[in-house]
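Below are the chains, spelled out letter by letter.
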Amino acid sequence: MVENSPSPLPERAIYGFVLFLSSQFGFSKYFPDGWLNTLRLKFWPVQYWAVALPVYLLITIVIGYVLLFGINMMSTSPLDSIHTITDNYAKNQQQKKYQEEAIPALRDISISEVNQMFFLAAKELYTKN
Amino acid sequence: MEDERSFSDICGGRLALQRRYYSPSCREFCLSCPRLSLRSLTAVTCTVWLAAYGLFTLCENSMILSAAIFITLLGLLGYLHFVKIDQETLLIIDSLGIQMTSSYASGKESTTFIEMGKVKDIVINEAIYMQKVIYYLCILLKDPVEPHRISQVSAKPRLDCLIEVYRSCQEILAHQKATSTSP
Chain D
1 MVENSPSPLP
11 ERAIYGFVLF
21 LSSQFGFSKY
31 FPDGWLNTLR
41 LKFWPVQYWA
51 VALPVYLLIT
61 IVIGYVLLFG
71 INMMSTSPLD
81 SIHTITDNYA
91 KNQQQKKYQE
101 EAIPALRDIS
111 ISEVNQMFFL
121 AAKELYTKN
Chain B
130 MEDERSFSDI
140 CGGRLALQRR
150 YYSPSCREFC
160 LSCPRLSLRS
170 LTAVTCTVWL
180 AAYGLFTLCE
190 NSMILSAAIF
200 ITLLGLLGYL
210 HFVKIDQETL
220 LIIDSLGIQM
230 TSSYASGKES
240 TTFIEMGKVK
250 DIVINEAIYM
260 QKVIYYLCIL
270 LKDPVEPHRI
280 SQVSAKPRLD
290 CLIEVYRSCQ
300 EILAHQKATS
310 TSP
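If you read the protein sequences in the order shown, they are chains D and B.
For the first sequence, our numbering begins at 1 and goes up steadily by one.
For the second sequence, our numbering begins at 130 and goes up steadily by one.
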């Protein structure tokens with residue numbers, strides 16, 4: 001892979017120069033140098049926003065964590081809702097005819113059958129414990 | 130004929146399941162939950178009061194301390210009356226129906242009765258509850274509009290206890306189906 005080598009490339013030189021210029025620009029916003037003093041009054045509102053916007057962003061990220069967690073908990077269906085048992089697809093699925101010696105078609109099995117298979121037929125598994 | 134066994138719930142506390150066989154078509158299951166432990170009560174009270182004291186040192190307003198005492202008392206009363214289950218009972222009568230009684234620590238009892246004609250099946254279902262996935266017993270209803278269900282989740286026993294109750298209930302339901310289709 002030629003792109004992964006650390007050798008100098010013209011694109012990297014340009015990116016580096018742009019980064020250098022923007023960092024100098026950013027620093028001069030926070031710490032105005034002597035030769036920018038005359039322009040200081042012009043920069044004050046911009047300087048307020050230069051501090052305020054990162055703070056807004058951080059608070060948004062923190063609230064985003066809490067909000068996502070809350071949305072997840074709210075959209076979990078409650079324990080007595082029918083959505084934990086079945087849904088529209090399972091109710092409307094078509095029953096294919098059972099053919100001898102063929103693998104049965106894939107379909108959703110009702111919860112009563114599943115329970116009988118797990119808990120009534122498997123007595124020997126649980127009486128061992 | 131009575132039978133008592135001890136199980137544990139999902140938090141590790143001890144539950145006692147009492148089974149009574151009144152007749153082949155009538156059974157009662159009684160689940161007793163662990164009592165409110167002094168340790169957890171002391172821990173919660175200490176944290177609330179320490180937090181209130183911390184706020185008081187910041188704000189120098191003594192109303193915070195009396196408010197904290199009030200909140201602790203009201204919270205404890207509300208918890209005992211609405212949340213803390215002392216005992217849960219499930220009574221199945223073959224031809225009549227299913228009755229569930231929950232009695233709370235403050236003495237309040239709430240009862241639900243479901244006719245046998247409306248009951249489709251009793252199953253063990255698993256679902257997401259808070260940050261866990263739990264097994265719980267659930268009664269499926271034959272509603273013409275939409276088959277919805279009622280569940281009994283207040284005392285959350287583990288799977289071994291649920292399997293015992295499930296097997297006994299299925300015996301009664303099978304017995305009921307046999308007698309209802311025979312004539």
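Hints are computed from structural coordinates only; laboratory data are not their basis.
Some hints here could point you the wrong way.
As the list claims (entries may be wrong) - Lysine-lysine pairs mimicking DSBU-like chemistry, simulated, CA-CA at most 30 angstroms apart:
#1 B:247 to B:271
#2 D:96 to B:237
#3 B:261 to D:96
#4 B:271 to D:91
#5 B:237 to B:247
#6 B:261 to B:271
#7 B:213 to D:91
#8 B:249 to D:96
#9 B:247 to D:91
#10 B:237 to B:261
#11 B:237 to D:91
#12 D:96 to B:213
#13 B:306 to B:237
#14 B:213 to B:237
#15 B:261 to B:249
#16 B:213 to B:306
#17 B:271 to B:249
#18 B:261 to B:306
#19 B:306 to B:271
Said to hold, decoys possible - Computed far set for chain D versus chain B, every beta-carbon distance over 12 angstroms:
#20 6
#21 10
#22 15
#23 63
#24 78
#25 96
Said to hold, decoys possible - Taking beta-carbon pairs under 8 angstroms as the criterion, some of the chain D residues facing chain B (in silico):
#26 74
#27 76
#28 79
#29 84
#30 85
#31 111
#32 112
#33 115
#34 119
The structure presented is a predicted model; accordingly, all values stated were derived computationally and were not measured.
All C-beta atoms, glycine included, are put in the ideal place defined by N, C-alpha and C.
Hint-by-hint comparison with the structure:
{"no.": "1", "hint": "B:247 to B:271", "result": "holds, 5 angstroms"}
{"no.": "2", "hint": "D:96 to B:237", "result": "violated, 52 angstroms"}
{"no.": "3", "hint": "B:261 to D:96", "result": "violated, 36 angstroms"}
{"no.": "4", "hint": "B:271 to D:91", "result": "holds, 14 angstroms"}
{"no.": "5", "hint": "B:237 to B:247", "result": "holds, 27 angstroms"}
{"no.": "6", "hint": "B:261 to B:271", "result": "holds, 29 angstroms"}
{"no.": "7", "hint": "B:213 to D:91", "result": "violated, 37 angstroms"}
{"no.": "8", "hint": "B:249 to D:96", "result": "holds, 24 angstroms"}
{"no.": "9", "hint": "B:247 to D:91", "result": "holds, 19 angstroms"}
{"no.": "10", "hint": "B:237 to B:261", "result": "holds, 28 angstroms"}
{"no.": "11", "hint": "B:237 to D:91", "result": "violated, 40 angstroms"}
{"no.": "12", "hint": "D:96 to B:213", "result": "violated, 49 angstroms"}
{"no.": "13", "hint": "B:306 to B:237", "result": "violated, 35 angstroms"}
{"no.": "14", "hint": "B:213 to B:237", "result": "holds, 10 angstroms"}
{"no.": "15", "hint": "B:261 to B:249", "result": "holds, 27 angstroms"}
{"no.": "16", "hint": "B:213 to B:306", "result": "violated, 36 angstroms"}
{"no.": "17", "hint": "B:271 to B:249", "result": "holds, 5 angstroms"}
{"no.": "18", "hint": "B:261 to B:306", "result": "violated, 35 angstroms"}
{"no.": "19", "hint": "B:306 to B:271", "result": "holds, 15 angstroms"}
{"no.": "20", "hint": "6", "result": "holds, 45 angstroms"}
{"no.": "21", "hint": "10", "result": "holds, 53 angstroms"}
{"no.": "22", "hint": "15", "result": "holds, 44 angstroms"}
{"no.": "23", "hint": "63", "result": "holds, 21 angstroms"}
{"no.": "24", "hint": "78", "result": "violated, 9 angstroms"}
{"no.": "25", "hint": "96", "result": "holds, 23 angstroms"}
{"no.": "26", "hint": "74", "result": "violated, 12 angstroms"}
{"no.": "27", "hint": "76", "result": "holds, 5 angstroms"}
{"no.": "28", "hint": "79", "result": "holds, 5 angstroms"}
{"no.": "29", "hint": "84", "result": "holds, 4 angstroms"}
{"no.": "30", "hint": "85", "result": "holds, 6 angstroms"}
{"no.": "31", "hint": "111", "result": "holds, 5 angstroms"}
{"no.": "32", "hint": "112", "result": "holds, 5 angstroms"}
{"no.": "33", "hint": "115", "result": "holds, 5 angstroms"}
{"no.": "34", "hint": "119", "result": "holds, 5 angstroms"}
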